[in-house]
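> As they're listed, the protein sequences go chains A and B. If you're matching positions, the first sequence starts at 1 in this note's numbering and goes up one per residue. If you're matching positions, the second sequence starts at 1 in this note's numbering and goes up one per residue.
Hints in this document: simulated from the structure, not taken from any laboratory. It is possible that some hints are incorrect.
If chains are identical, the list can't say which one is meant, so a pair holds when it fits in one copy or spans any two.
The calculated lysine-lysine pairs, modelled on DSSO-like cross-linking and capped at a C-alpha distance of 27 Å, are [stated by the list, open to error]:
id: 1; residue 1: Lys286; residue 2: Lys139
id: 2; residue 1: Lys42; residue 2: Lys171
id: 3; residue 1: Lys162; residue 2: Lys313
id: 4; residue 1: Lys6; residue 2: Lys69
id: 5; residue 1: Lys196; residue 2: Lys86
id: 6; residue 1: Lys196; residue 2: Lys157
id: 7; residue 1: Lys162; residue 2: Lys139
2 protein chains.
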Amino acid sequence: MQHIAKIMMASNRIALLSHVSPDGDTLGSCFALQLALQALGKEVEVVTGEEIPPIFDFLNGRYLIETEKIYDTVVCLDCGDIGRLKDRKALFDRATTTINIDHHMTNSNFAQHNVVEEHASTSEMVLALIERLGAPLTKEIATWLYVAITTDTGGFKYSNTKAETHVTIAKLMAYDLDIAEINRRIFEMMTLTKLKLTAHTMSNIHFYENGKIAVATLDYETLHQAQAESGDIDGLTRIPISVEGVEVGMLATEVVKGEIKISFRSNRYVNVAEIATKYGGGGHAKAAGCSVNGEMEHILADILLTVTNALNKE
Amino acid sequence: MQHIAKIMMASNRIALLSHVSPDGDTLGSCFALQLALQALGKEVEVVTGEEIPPIFDFLNGRYLIETEKIYDTVVCLDCGDIGRLKDRKALFDRATTTINIDHHMTNSNFAQHNVVEEHASTSEMVLALIERLGAPLTKEIATWLYVAITTDTGGFKYSNTKAETHVTIAKLMAYDLDIAEINRRIFEMMTLTKLKLTAHTMSNIHFYENGKIAVATLDYETLHQAQAESGDIDGLTRIPISVEGVEVGMLATEVVKGEIKISFRSNRYVNVAEIATKYGGGGHAKAAGCSVNGEMEHILADILLTVTNALNKE
Numbered sequence: 001m002q003h004i005a006k007i008m009m010a011s012n013r014i015a016l017l018s019h020v021s022p023d024g025d026t027l028g029s030c031f032a033l034q035l036a037l038q039a040l041g042k043e044v045e046v047v048t049g050e051e052i053p054p055i056f057d058f059l060n061g062r063y064l065i066e067t068e069k070i071y072d073t074v075v076c077l078d079c080g081d082i083g084r085l086k087d088r089k090a091l092f093d094r095a096t097t098t099i100n101i102d103h104h105m106t107n108s109n110f111a112q113h114n115v116v117e118e119h120a121s122t123s124e125m126v127l128a129l130i131e132r133l134g135a136p137l138t139k140e141i142a143t144w145l146y147v148a149i150t151t152d153t154g155g156f157k158y159s160n161t162k163a164e165t166h167v168t169i170a171k172l173m174a175y176d177l178d179i180a181e182i183n184r185r186i187f188e189m190m191t192l193t194k195l196k197l198t199a200h201t202m203s204n205i206h207f208y209e210n211g212k213i214a215v216a217t218l219d220y221e222t223l224h225q226a227q228a229e230s231g232d233i234d235g236l237t238r239i240p241i242s243v244e245g246v247e248v249g250m251l252a253t254e255v256v257k258g259e260i261k262i263s264f265r266s267n268r269y270v271n272v273a274e275i276a277t278k279y280g281g282g283g284h285a286k287a288a289g290c291s292v293n294g295e296m297e298h299i300l301a302d303i304l305l306t307v308t309n310a311l312n313k314e
Numbered sequence: 001m002q003h004i005a006k007i008m009m010a011s012n013r014i015a016l017l018s019h020v021s022p023d024g025d026t027l028g029s030c031f032a033l034q035l036a037l038q039a040l041g042k043e044v045e046v047v048t049g050e051e052i053p054p055i056f057d058f059l060n061g062r063y064l065i066e067t068e069k070i071y072d073t074v075v076c077l078d079c080g081d082i083g084r085l086k087d088r089k090a091l092f093d094r095a096t097t098t099i100n101i102d103h104h105m106t107n108s109n110f111a112q113h114n115v116v117e118e119h120a121s122t123s124e125m126v127l128a129l130i131e132r133l134g135a136p137l138t139k140e141i142a143t144w145l146y147v148a149i150t151t152d153t154g155g156f157k158y159s160n161t162k163a164e165t166h167v168t169i170a171k172l173m174a175y176d177l178d179i180a181e182i183n184r185r186i187f188e189m190m191t192l193t194k195l196k197l198t199a200h201t202m203s204n205i206h207f208y209e210n211g212k213i214a215v216a217t218l219d220y221e222t223l224h225q226a227q228a229e230s231g232d233i234d235g236l237t238r239i240p241i242s243v244e245g246v247e248v249g250m251l252a253t254e255v256v257k258g259e260i261k262i263s264f265r266s267n268r269y270v271n272v273a274e275i276a277t278k279y280g281g282g283g284h285a286k287a288a289g290c291s292v293n294g295e296m297e298h299i300l301a302d303i304l305l306t307v308t309n310a311l312n313k314e
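Using the sequences plus the hints, can you model the full thing?
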């Protein structure tokens, strides 16, 4: 990280780029680094390519959606490959120096300078960089880093959480963070639309194979009537699998008429990546997804057969 | 903690007592200490006075509900006062030596030896004691301590979470804990009954005062039909307050016909302890409760008036 810090100290106009469909880690990394570099007298802009999710509004991050400006240095944060920049590739290409800081070990090393390390979040690398830069840590910076880490680890619950993650959080908490309020905003608060969709999902779960398979559906009419946005659907995929005794949980959503997206989750022994792959999708053994065009009922009947076979094979 | 460790080393038959309606902290403290003392060759029993919540079954804690035995030393863990032992007071009174280890600063110091310190959980004091005893930390002990801490801090989200809490968790994670599975069991998995009651609560919220007040109800018929147990209702109190824009959230439940329990939560400025106190209850400024006998509809209409006044007074 030493040579990255040197490049930044030699730069005057810096752009920080988040990935498409920005999450807490990419945004927390951008805004924390922006504040640190600004404290060192640098001109720094975060360029996102899109509006950021309203869930982060309470933190007042300052950003541009797009810009025609030219920067000395462009830094991509939490971007696994150049495609994650979308239209901002032009901005990236215009820069004299390009840097890529990421924690995805599959990173394509697309910049001039690439730092890819395995951590729970990219923001932990940003903290190391800020320390290298000698910029002062502030409550605001620590808050963004906390948000980045807690969102990327599902509130320290996912298996990517490491002992070092908690050590970093302990360090950040020295800055008098209002963690109760941060966590309320990030994990508890929901829109009325999300409340209704959650209730609808919970009320419309069908169980098969003695309760080992749970299928929830949100069809076009329901989602259209609720004027659902993607932020309202995020997280609902975890509902069917959370019921006691379920081994495979599925959520089928139809945001676009006739386009059925199915999210699969499994608990212990069914490999849902194999199932999703059969329908043109993919993913991990315990979390996968696919998208199939057609009528929800027919598609689900077919997939249910495949899931039942996979379940009974074990 | 040094003198407590000495007493334990001199004891042969030790009973560890959890508090009534046992939670993760009291149980995690008991089972972790039991395992550590057993490794030192002591005869140790956890005596709970009741079945422990099924959510902890996957950890296979060994305990007695009651016993007529006499112990050299009895240790109360996470018990604020002697009343928290209920019928096990007799067992406590029979012991030669009594110890009280707790993190509630209001503790009544009811034992011969009392150690009361301010921590997020009692289990952090148990960890210090285990270290003093020189007992080896194992994955099983570390898992119980992790469960104790994460349940008492709401998954590290509540304001009682301290930097030292995360430092302790980092230490425990060195024992190869399966945190994804632990957290799934503790925070995600729900019974079918809990799923239905959650959906019902979410579908039955009424909003008042421009969405600033949210009231959910679970009446006797609903709870009776669902055969709800207290574990199914826990946590539902957080639903009304979690909707965007709500300042006061209330959940009214009627487990016993004609006995209406109301839980209040507030976000920022309304003191719900004052409201609950007016109806014979109490609590904290942002989380309080009361119990009123009568008809749900009438009681809620009256309380709603009080809440509206409190809201508009600010």
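> Look at each hint and say if it fits the structure.
Each hint, compared with the structure:
no.	hint	in the structure
1	Lys286 to Lys139	between (37 Å within a copy, 24 Å between copies)
2	Lys42 to Lys171	within (25 Å within a copy, 38 Å between copies)
3	Lys162 to Lys313	neither (34 Å within a copy, 47 Å between copies)
4	Lys6 to Lys69	within (23 Å within a copy, 70 Å between copies)
5	Lys196 to Lys86	neither (33 Å within a copy, 42 Å between copies)
6	Lys196 to Lys157	both (26 Å within a copy, 25 Å between copies)
7	Lys162 to Lys139	both (23 Å within a copy, 15 Å between copies)
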